[in-house]
Every structure is written in C-alpha cells, then in structure tokens.
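Participant: From just these sequences and the hints, can you work out the full model?
There are 2 protein chains.
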Amino acid sequence: MSNIPVITISREYGSGGRAIGEKLAKELGIPFYNKELILMAAKESGLSEEYIKKTEQMKATSFLYGLYMGAQQLPMNDQIFLVQSKIIRELAEKGPCVIVGRCADYVLRERDDVLNVFIHAPMEYRAQRAKDVYEREASNMVDYVKKQDKKRASFYNYFSQNKWGDARHYHLAISGQYGVDYAVEILKRAVETFPGGGR
Amino acid sequence: MSNIPVITISREYGSGGRAIGEKLAKELGIPFYNKELILMAAKESGLSEEYIKKTEQMKATSFLYGLYMGAQQLPMNDQIFLVQSKIIRELAEKGPCVIVGRCADYVLRERDDVLNVFIHAPMEYRAQRAKDVYEREASNMVDYVKKQDKKRASFYNYFSQNKWGDARHYHLAISGQYGVDYAVEILKRAVETFPGGGR
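Heads up: the protein sequence lines correspond to chains Y and C, in order.
The first sequence maps to residues 1 to 199 in the working numbering.
The second sequence maps to residues 1 to 199 in the working numbering.
Take these hints with a grain of salt, some might be off.
All copies of an identical chain are treated as equivalent in the list; a pair is satisfied when it fits inside any one copy or across any two copies.
Said to hold, decoys possible - The calculated lysine-lysine pairs, modelled on DSSO-like cross-linking and capped at a C-alpha distance of 30 angstroms, are: (1) LYS188 <-> LYS43; (2) LYS53 <-> LYS35; (3) LYS94 <-> LYS146; (4) LYS54 <-> LYS150; (5) LYS188 <-> LYS163; (6) LYS163 <-> LYS131; (7) LYS43 <-> LYS146; (8) LYS163 <-> LYS150; (9) LYS94 <-> LYS150; (10) LYS23 <-> LYS151; (11) LYS188 <-> LYS131; (12) LYS188 <-> LYS23; (13) LYS188 <-> LYS26; (14) LYS163 <-> LYS151; (15) LYS53 <-> LYS23; (16) LYS53 <-> LYS94; (17) LYS94 <-> LYS43; (18) LYS147 <-> LYS163; (19) LYS54 <-> LYS188; (20) LYS43 <-> LYS26.
Bear in mind the hints are in silico, worked out from the structure with no lab data behind them.
Predicted model only: the values in this text are computed from it and were never measured.
Facilitator: This is the structure we're talking about:
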C-alpha cells in the first residue's frame, strides 16, 4: 500500500509546471506523463501523433471546425479528449504518477487519491523563461505567452466546465517564480503527508 | 537576519484559514494578527472597536452610505482601510508575522519578503465547519457561507482591484479540506525554504 497520490498538474505557459512535475516524479520514483499521452492516444486511436498534436492545439469551440466535421459525429478534439481520458483513468488505476495537462484533475474527479496542482508565475518570469529555457522566439513575447494561456484556458474550461486558474479547483496552487526546486520542495511535503485516500 | 517572511492569509469563510494562520504563527514563534488589527486601528484612529468592526462588515461600495457621509470626505470604510494599511506596513517592517485578511497581500505588494497565501475548501466542508467549530446557526448554512464569501470578495476586489480567489495573486493556495495540520505542514515547508528577500 502506498499513500503517494496521483498528482495532476495544470500550468500557465512558461511557469515551469512541466519541469516541476518531471522533477517531482523523478524524486518520488513514479512515472511522469506529458507528451507520452499523445503517443498513447495515437496507439489507442490509430491516429498519427502529429495529427493528435495538431488537433489538441485547436480551439475547442471552433464553429467552422464543427461545420467542417459535419454533425454526424463528435468533433475530433472531443474524440481525442475521450481517448486520452480513458488512458488517464487507466494510468491512475495502475498507481501513483504525475500527469501534466489534459484536464486530468477533472477526468479523475471521482477519485480521492489525487492531488490536483496548479502552477503559475508572474508574466515577466514566464516571458523570460519562454525565451531562455524553451528557446521560443516571438516579436512580442508577452503576447505570445498570453496566447498560449488562452489556448489552455479554453481547452480546460470547455472540457471541465470549471474555471482555469481559480485556486478553488486545485488542492494546491504554487507560484513557480522562485524556481523549480522550491516548488518541488513544497510539493514533496504535500505528497509525503497527503491524508487523502490510499490504495 | 531571519529568512522567515511576513505571511499574509486570505481565506474563504469556514475554510480554517484563521486557525491555520494561528497554528503556523505559534509553531514559527512569530506574532499573529487578525482581530488584533481592529484594536490597533481603534487606538490609532480614536474610533471604537465596535464601530470599526461594524464598518468593516459594510459593503465597500454602498451608494447610500456614500450619500449619508456626504462627499466631503472619504467613506468611513476607506478611512479605516487606510489606518489598517498603515498598521500592517509598520508590523511588516518590525519583522516576520502572520496577518489574516484585510488585503494585507495587496498592502504589502512592494515588499519581496512576503509570502501570500489563500486558503479555500469545498462548500460542504465549510458549511460543516461553520456549524461545528464556529457554532454558527443559520436556516440555510450554504447560503450563509456564500454570503460571507461575497463580503470578503467585495472587500478584497474593491480595495485591491485584484480578483479574490484567483490563484495567480498568491504564492500559495491550499485547500483546507484535509484539516489544519496538513495545511500547516505544507506552509512550514514553504516558509523554511522561502527564497524571497531576507532582512
């Protein structure tokens, strides 16, 4: 029996949420899932990774896209969301892990052995990080970062019907502004002493 | 030199935020300010504690109240806010402490040795706590709790022009649903390893 929960991480673009999740998983010795979910969804659905990646990026509520797909079936991003949700539920069933993005908090809302985390940071920190760490280039980095946030918010709000970034949807929200190590320290403590449902 | 920051706590009604702040202050051996701020504001302003308490409860944007006061001076709750802000700044200057409510995060926004915390919890937990711990009585406890939240949000949004409960305004937001001790554990770790400005 382990008391380590499944940890879901939602994050603002450039906040370091992915790096924090990756380091946390490594230190806890549990699997980490981010891009891996795309590969898994590709295998499960028979679609290509490239296609899934592109569809994930699309605005969840595109009216034109709906028209293009016709009304005969669920829009493709809804279908991909369903496939990924099934994978996320199976992963959580297997044991403790860290899952980044994809509304995993919402997908796993019925479980009580899940710790939902939101990572954010001031705009200045994120724009700098996007440049230095992600090596992004944009004429206006602040606009670029805002646009990425908007996509994530739209994806989250569409599928979960919650409000992305509202503290009340997460057990723990941490500013990444003091670096990856600081957030990992706090999260490790939160995981080690987690009183939610064990297995 | 101490690296313990000033800790500000905003909290949803019934989430246990006050109790968490009180226990944290005790364990860190630093002062705790909540109702004490009313007494201090009374001393500083010459107004009675009772009057300050009542005025704090008033809706920050009452039009009728503004008419009643006349346009000659700032509304009384604005004046009390200014007095309390001055006291909060002086307390922070003196050294590490825990301050609950009163937009302390916003008042101290220029300092870098401050850790801003938001405590929330699911409605069910808070309604139960209001009954059991605060011994509140109300025919509809959920409505009562919502009303208290609304007052706090209105106070915070009016004076800070931020959005109460948005994770991005706080270094750390924690759900109090697992009890006071769990939140204190996480906060102690966040304080002990706090990398922000020392003194």
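Participant: Look at each hint and say if it fits the structure.
Facilitator: Now for the hints, and whether the structure bears them out:
no.: 1; hint: LYS188 <-> LYS43; result: neither (32 angstroms within a copy, 44 angstroms between copies)
no.: 2; hint: LYS53 <-> LYS35; result: within (9 angstroms within a copy, 53 angstroms between copies)
no.: 3; hint: LYS94 <-> LYS146; result: neither (36 angstroms within a copy, 38 angstroms between copies)
no.: 4; hint: LYS54 <-> LYS150; result: within (16 angstroms within a copy, 41 angstroms between copies)
no.: 5; hint: LYS188 <-> LYS163; result: both (26 angstroms within a copy, 29 angstroms between copies)
no.: 6; hint: LYS163 <-> LYS131; result: both (28 angstroms within a copy, 29 angstroms between copies)
no.: 7; hint: LYS43 <-> LYS146; result: neither (32 angstroms within a copy, 46 angstroms between copies)
no.: 8; hint: LYS163 <-> LYS150; result: both (12 angstroms within a copy, 18 angstroms between copies)
no.: 9; hint: LYS94 <-> LYS150; result: neither (32 angstroms within a copy, 41 angstroms between copies)
no.: 10; hint: LYS23 <-> LYS151; result: within (25 angstroms within a copy, 40 angstroms between copies)
no.: 11; hint: LYS188 <-> LYS131; result: within (28 angstroms within a copy, 33 angstroms between copies)
no.: 12; hint: LYS188 <-> LYS23; result: both (10 angstroms within a copy, 21 angstroms between copies)
no.: 13; hint: LYS188 <-> LYS26; result: both (11 angstroms within a copy, 23 angstroms between copies)
no.: 14; hint: LYS163 <-> LYS151; result: both (13 angstroms within a copy, 21 angstroms between copies)
no.: 15; hint: LYS53 <-> LYS23; result: within (24 angstroms within a copy, 47 angstroms between copies)
no.: 16; hint: LYS53 <-> LYS94; result: within (25 angstroms within a copy, 53 angstroms between copies)
no.: 17; hint: LYS94 <-> LYS43; result: within (18 angstroms within a copy, 60 angstroms between copies)
no.: 18; hint: LYS147 <-> LYS163; result: both (17 angstroms within a copy, 21 angstroms between copies)
no.: 19; hint: LYS54 <-> LYS188; result: neither (34 angstroms within a copy, 43 angstroms between copies)
no.: 20; hint: LYS43 <-> LYS26; result: within (25 angstroms within a copy, 54 angstroms between copies)
Comparing the model with each earlier hint shows violations of hints 1, 3, 7, 9, 19; every other hint is respected.
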